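If you're matching them up, the sequences are chains R and X in order.
Quick note on UniProt numbering: the first sequence kicks off at 1 and runs consecutively.
Quick note on UniProt numbering: the second sequence kicks off at 1 and runs consecutively.
Rather than coming from a laboratory, the hints here were simulated on the basis of the structure.
For clarity, every value in this text was computed on a predicted model and none was experimentally measured.
For glycine and all other residues, C-beta sits at the position ideal for the given N, C-alpha and C.
There could be a bad hint or two in this list.
Claimed, not checked - Here are some of the chain R residues that sit facing chain X, going by a computed Cβ distance under 7 Å:
1) P63
2) R64
3) R65
4) Y85
5) A87
6) E131
7) Q198
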Amino acid sequence: LCLLLTGSAWARGLLGWAQPERWLASSSLRPLSCDHTSTHLQKPVKWEKKNRIVYPPQLPGEPRRPAEIYHCRRDIKYSHEKMWYLAKLIKGMSIDQALAQLEFSDKKGAKVIKEVLLEAQDMAVRNNNVEYKSNLHIAVSATGRGRYVKRIRYHGKGMFGIMKISRCHYFVKLVEGPPPPPEPPKTGFDQAKEYVQQLRNRTLVHTL
Amino acid sequence: IIDPYVPPEGDARLTSLSKDGLKQRMQKLKQSAASQLAFNKQKLHSLVTERCYPDMVRGNRYKTIRWSFVESLEPPRVVHLRCDSIVNRGNLYGQVTVRMHTRQVLAIYDRFGRLMYGGEQAPKDVLEYVVFERYLVNPYGTWRMHGKIVPEWAPPKDPIIKTVMIPGPTLDPSQEYE
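With the hints as constraints, model all of the structure from the sequences given.
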């Protein structure tokens, strides 16, 4: 009994958007000029477009601009929460160290991220005029959720559950140059100094 | 009225979400993008043949090229002249090879503005044999650049600024090497 009700409620909820009467009625009242130029159904491709910006030539006296390579992989069959652990692992590393860590990591996402990093390194050397392929470090490594899909998971006794197939995207930005030195952890002495400075900054406002 | 103006369909009924409106806006965007490019594609096609155009343009999209012609050291001379029909009989093309000894400045910058090849302050003396082609059947055809002839005795070009790794032979782990 209960599962029939839940099934029909779920179906009505899913098809709620597809009521044709509502759709056609709204189309005739649309204004001539619309502010929304892009619809929500288009896939966002901002990260790929970042690879297309061309900087103007540098003057001879300026410091050399480090090359930045953006790469991503979309719709990886993995959960973005689980992928985050790997992304956080390789965040500030040099590319060789990151590849070594991923090769011996047991997670499924490690293999995917390693492929992405190798692709990005190859792109850097071929297309982006990077001289030494080991001279790259990972500036940004992030994950995002992809499109989820709901499926039925069959249990015993005619019971079912709704399974969520999760996908994720992985974004990486390689920057030329040695990796930045890690920030020294905050000592107690630094914290004490900050506290004393805060006490000294106190002042009275709007008074004589 | 001779050749009356045909307004686009649904002129006053265009909305951004209808198909016609989207198509028109895409066309406008494409036209504006093509005209705002650093070089004019139409003009380049009129100055260079279809065989030469990809050789000139390939790999240039994300690079900045600065080229300037300083002076001509010798007056250009016509060296070689051929005229033949290609593919069909009657498709007459004329090709002329011109020997040019000139001074030029070339500097190629990559995507990030770093110098990849050449230099802006160093003019180079260049001896080139440039081939121009014209479609002779068309009375209004123009002479367009068709290609360049590089002789075997030509001096080697300047090396590029960065170093490139050439992959060596694949080594077999079971065998011993020196």
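Less than 7 Å between beta-carbons is the criterion; does R65 of chain R satisfy it with respect to chain X? holds, 5 Å
Should the hint that R64 of chain R touches chain X count as held when the rule is a Cβ pair under 7 Å? Status holds, d = 6 Å.
Restraint check, 7 Å cut-off on beta carbons, for P63 of chain R near chain X: Since chain X brings no Cβ nearer than about 11 Å to P63 of chain R, farther than 7 Å, the hint is violated.
Taking the closest Cβ pair, is A87 of chain R under 7 Å from chain X? Status violated, d = 25 Å.
Checking hints one by one. Is E131 of chain R an interface residue toward chain X, by the C-beta closer than 7 Å rule? OK, holds: E131 of chain R within 7 Å of chain X, min 4 Å.
Can we keep the Y85 of chain R interface hint, with Cβ of chain X closer than 7 Å? violated, 32 Å
Is the interface hint satisfied for Q198 of chain R? The criterion is a beta-carbon contact with chain X at less than 7 Å. violated, 42 Å
In terms of the numbered hints stated before, the structure departs from hints 1, 4, 5, 7, listed from lowest to highest.
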